[in-house]
Amino acid sequence: MADLATRRGHLLAAIRQHGRPVTTQLAEQLLTGAWPTYGRNTARKDLRGLARAGLLTAADVNGRRVYHPTSREVGPPVTATRHIQPSPDTERVLGQIERGEIRCGRDAAREIAARHQAAYGDEVWPDSAWAAALASLPASAKGGNA
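With the numbering used here applied, the sequence shown closes on residue 146, and no number is skipped along the way.
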(Lines of atoms letter the chains of each structure in order from A and count residues from 1; the text may use other names and numbers.)
(Lines give C-alpha, C1' and ligand atoms only; values in the text may rest on other atoms or scores of the structure.)
Protein backbone atom coordinates (compact mmCIF):
# COMPACT_ATOMS: atom_id res chain seq x y z
CA MET A 1 0.00 0.00 0.00
CA ALA A 2 2.91 2.36 0.52
CA ASP A 3 3.67 2.14 -3.18
CA LEU A 4 0.04 3.01 -3.96
CA ALA A 5 0.10 6.10 -1.74
CA THR A 6 3.49 7.14 -3.11
CA ARG A 7 2.37 6.70 -6.71
CA ARG A 8 -0.87 8.61 -6.17
CA GLY A 9 0.96 11.38 -4.35
CA HIS A 10 3.43 11.64 -7.22
CA LEU A 11 0.56 11.72 -9.73
CA LEU A 12 -1.23 14.43 -7.75
CA ALA A 13 1.95 16.54 -7.65
CA ALA A 14 2.41 16.10 -11.41
CA ILE A 15 -1.22 17.09 -12.05
CA ARG A 16 -0.91 20.19 -9.87
CA GLN A 17 2.32 21.17 -11.59
CA HIS A 18 0.67 20.62 -14.99
CA GLY A 19 -2.13 22.96 -13.88
CA ARG A 20 -4.70 21.98 -16.51
CA PRO A 21 -7.41 19.31 -16.65
CA VAL A 22 -6.05 15.79 -16.98
CA THR A 23 -7.34 12.79 -18.90
CA THR A 24 -6.37 9.18 -18.34
CA GLN A 25 -4.02 9.32 -21.31
CA LEU A 26 -2.24 12.42 -19.99
CA ALA A 27 -1.97 10.91 -16.49
CA GLU A 28 -0.37 7.84 -18.05
CA GLN A 29 2.16 10.05 -19.84
CA LEU A 30 2.92 12.03 -16.67
CA LEU A 31 3.98 8.92 -14.74
CA THR A 32 5.48 6.75 -17.47
CA GLY A 33 9.06 7.68 -16.55
CA ALA A 34 8.67 7.23 -12.80
CA TRP A 35 6.77 3.92 -12.99
CA PRO A 36 7.64 1.87 -16.08
CA THR A 37 4.68 -0.49 -15.60
CA TYR A 38 2.19 2.37 -15.27
CA GLY A 39 -0.62 1.81 -17.79
CA ARG A 40 -4.07 3.05 -18.69
CA ASN A 41 -5.97 0.95 -16.14
CA THR A 42 -3.65 1.96 -13.31
CA ALA A 43 -4.01 5.61 -14.32
CA ARG A 44 -7.81 5.30 -14.28
CA LYS A 45 -7.78 3.67 -10.83
CA ASP A 46 -5.43 6.31 -9.44
CA LEU A 47 -7.47 9.19 -10.88
CA ARG A 48 -10.69 7.72 -9.46
CA GLY A 49 -9.01 7.19 -6.08
CA LEU A 50 -7.79 10.79 -5.97
CA ALA A 51 -11.28 11.99 -6.95
CA ARG A 52 -12.84 9.87 -4.17
CA ALA A 53 -10.38 11.40 -1.71
CA GLY A 54 -11.54 14.88 -2.76
CA LEU A 55 -8.26 15.89 -4.34
CA LEU A 56 -9.58 15.95 -7.93
CA THR A 57 -12.99 16.71 -9.41
CA ALA A 58 -14.27 14.64 -12.32
CA ALA A 59 -16.31 15.95 -15.25
CA ASP A 60 -17.46 14.41 -18.52
CA VAL A 61 -16.58 16.52 -21.56
CA ASN A 62 -17.56 15.24 -25.01
CA GLY A 63 -17.89 11.71 -23.68
CA ARG A 64 -14.46 11.74 -22.04
CA ARG A 65 -13.76 11.83 -18.32
CA VAL A 66 -11.60 14.81 -17.37
CA TYR A 67 -10.16 15.43 -13.90
CA HIS A 68 -9.58 18.94 -12.58
CA PRO A 69 -7.24 19.65 -9.67
CA THR A 70 -8.99 21.10 -6.63
CA SER A 71 -7.47 23.75 -4.41
CA ARG A 72 -4.73 22.57 -2.08
CA GLU A 73 -6.85 23.14 1.02
CA VAL A 74 -9.71 20.90 -0.08
CA GLY A 75 -9.67 17.23 0.84
CA PRO A 76 -7.45 15.17 3.08
CA PRO A 77 -3.87 14.32 2.16
CA VAL A 78 -3.40 11.14 0.15
CA THR A 79 -2.03 9.13 3.07
CA ALA A 80 -4.91 10.14 5.35
CA THR A 81 -7.29 7.92 3.40
CA ARG A 82 -5.81 4.90 5.16
CA HIS A 83 -6.25 4.68 8.91
CA ILE A 84 -3.88 2.25 10.59
CA GLN A 85 -5.33 1.04 13.86
CA PRO A 86 -2.80 -0.32 16.35
CA SER A 87 -3.72 -3.76 17.62
CA PRO A 88 -4.20 -4.42 21.35
CA ASP A 89 -1.07 -6.59 21.26
CA THR A 90 0.99 -3.70 19.94
CA GLU A 91 -0.19 -1.40 22.73
CA ARG A 92 0.38 -4.11 25.36
CA VAL A 93 3.94 -4.88 24.22
CA LEU A 94 4.90 -1.20 23.93
CA GLY A 95 3.56 -0.62 27.44
CA GLN A 96 5.59 -3.56 28.77
CA ILE A 97 8.74 -2.20 27.15
CA GLU A 98 8.12 1.27 28.64
CA ARG A 99 7.56 -0.19 32.12
CA GLY A 100 10.70 -2.29 31.86
CA GLU A 101 8.84 -5.60 32.01
CA ILE A 102 10.33 -6.65 28.68
CA ARG A 103 13.77 -5.78 27.42
CA CYS A 104 14.80 -5.64 23.82
CA GLY A 105 17.92 -4.87 21.89
CA ARG A 106 21.47 -6.18 21.66
CA ASP A 107 22.20 -6.22 25.38
CA ALA A 108 19.07 -8.23 26.15
CA ALA A 109 19.93 -10.71 23.38
CA ARG A 110 23.47 -11.11 24.74
CA GLU A 111 22.16 -11.75 28.25
CA ILE A 112 19.71 -14.37 27.00
CA ALA A 113 22.48 -16.06 25.01
CA ALA A 114 24.75 -16.04 28.06
CA ARG A 115 22.02 -17.61 30.22
CA HIS A 116 21.45 -20.36 27.66
CA GLN A 117 25.18 -20.96 27.36
CA ALA A 118 25.50 -21.26 31.14
CA ALA A 119 22.50 -23.59 31.38
CA TYR A 120 23.10 -25.85 28.39
CA GLY A 121 26.77 -25.48 27.53
CA ASP A 122 28.20 -26.02 24.07
CA GLU A 123 25.31 -28.25 22.99
CA VAL A 124 23.28 -25.13 22.26
CA TRP A 125 26.09 -23.07 20.76
CA PRO A 126 28.51 -25.45 19.02
CA ASP A 127 30.07 -22.69 16.96
CA SER A 128 33.33 -21.40 18.38
CA ALA A 129 32.42 -17.86 17.31
CA TRP A 130 29.46 -17.88 19.67
CA ALA A 131 31.58 -19.19 22.49
CA ALA A 132 34.15 -16.45 21.89
CA ALA A 133 31.44 -13.79 21.78
CA LEU A 134 29.94 -15.03 25.03
CA ALA A 135 33.33 -15.22 26.70
CA SER A 136 33.93 -11.57 25.86
CA LEU A 137 30.80 -10.47 27.75
CA PRO A 138 31.35 -8.82 31.13
CA ALA A 139 30.32 -10.82 34.19
CA SER A 140 27.39 -8.48 34.93
CA ALA A 141 25.83 -9.26 31.55
CA LYS A 142 26.10 -13.01 32.08
CA GLY A 143 24.10 -12.96 35.29
CA GLY A 144 21.63 -10.15 34.53
CA ASN A 145 17.91 -10.32 33.85
CA ALA A 146 16.56 -10.10 30.35
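Rather than coming from a laboratory, the hints here were simulated on the basis of the structure.
Be aware that a few hints might be false.
As the list claims (entries may be wrong) - Listed next, with one range per pair, are the computed distances between beta-carbon atoms: (1) Gly39 to Val61: 19 to 25 angstroms; (2) Ala14 to Glu91: 34 to 40 angstroms; (3) Leu4 to Leu94: 24 to 30 angstroms; (4) His68 to Trp35: 18 to 24 angstroms; (5) Thr37 to His68: 40 to 46 angstroms; (6) Gly63 to Pro36: 29 to 35 angstroms; (7) Tyr120 to Gly100: 36 to 42 angstroms; (8) Ala59 to Pro36: 45 to 51 angstroms; (9) Arg92 to Ala14: 52 to 58 angstroms; (10) Thr70 to Thr37: 51 to 57 angstroms; (11) Glu91 to Arg48: 31 to 37 angstroms; (12) Thr90 to His68: 36 to 42 angstroms; (13) Ala132 to Thr90: 50 to 56 angstroms; (14) Gly9 to Glu101: 37 to 43 angstroms.
All values derive from a computational prediction rather than experimental measurement.
We treat Cβ as the ideally placed atom computed from N, Cα and C, and that holds for glycine.
How the hints compare with the structure:
1. Gly39 to Val61: 19 to 25 angstroms: 23 angstroms, holds
2. Ala14 to Glu91: 34 to 40 angstroms: 39 angstroms, holds
3. Leu4 to Leu94: 24 to 30 angstroms: 27 angstroms, holds
4. His68 to Trp35: 18 to 24 angstroms: With Cβ atoms ~23 angstroms apart, the hint holds.
5. Thr37 to His68: 40 to 46 angstroms: Since the Cβ atoms of Thr37 and His68 sit about 27 angstroms apart, the hinted range of 40 to 46 angstroms is violated.
6. Gly63 to Pro36: 29 to 35 angstroms: 30 angstroms, holds
7. Tyr120 to Gly100: 36 to 42 angstroms: 27 angstroms, violated
8. Ala59 to Pro36: 45 to 51 angstroms: 30 angstroms, violated
9. Arg92 to Ala14: 52 to 58 angstroms: 43 angstroms, violated
10. Thr70 to Thr37: 51 to 57 angstroms: 28 angstroms, violated
11. Glu91 to Arg48: 31 to 37 angstroms: Holds: the Cβ-Cβ distance is about 35 angstroms, inside 31 to 37 angstroms.
12. Thr90 to His68: 36 to 42 angstroms: Between Thr90 and His68, where Cβ atoms are some 40 angstroms apart, the hint holds.
13. Ala132 to Thr90: 50 to 56 angstroms: Violated, since Ala132 and Thr90 (Cβ atoms, about 37 angstroms apart) do not stay within the stated range.
14. Gly9 to Glu101: 37 to 43 angstroms: For Glu101 against Gly9, whose Cβ atoms are near 39 angstroms apart, the range 37 to 43 angstroms holds.
Comparing the model with each numbered hint stated earlier shows that hints 5, 7, 8, 9, 10 and 13 do not hold.
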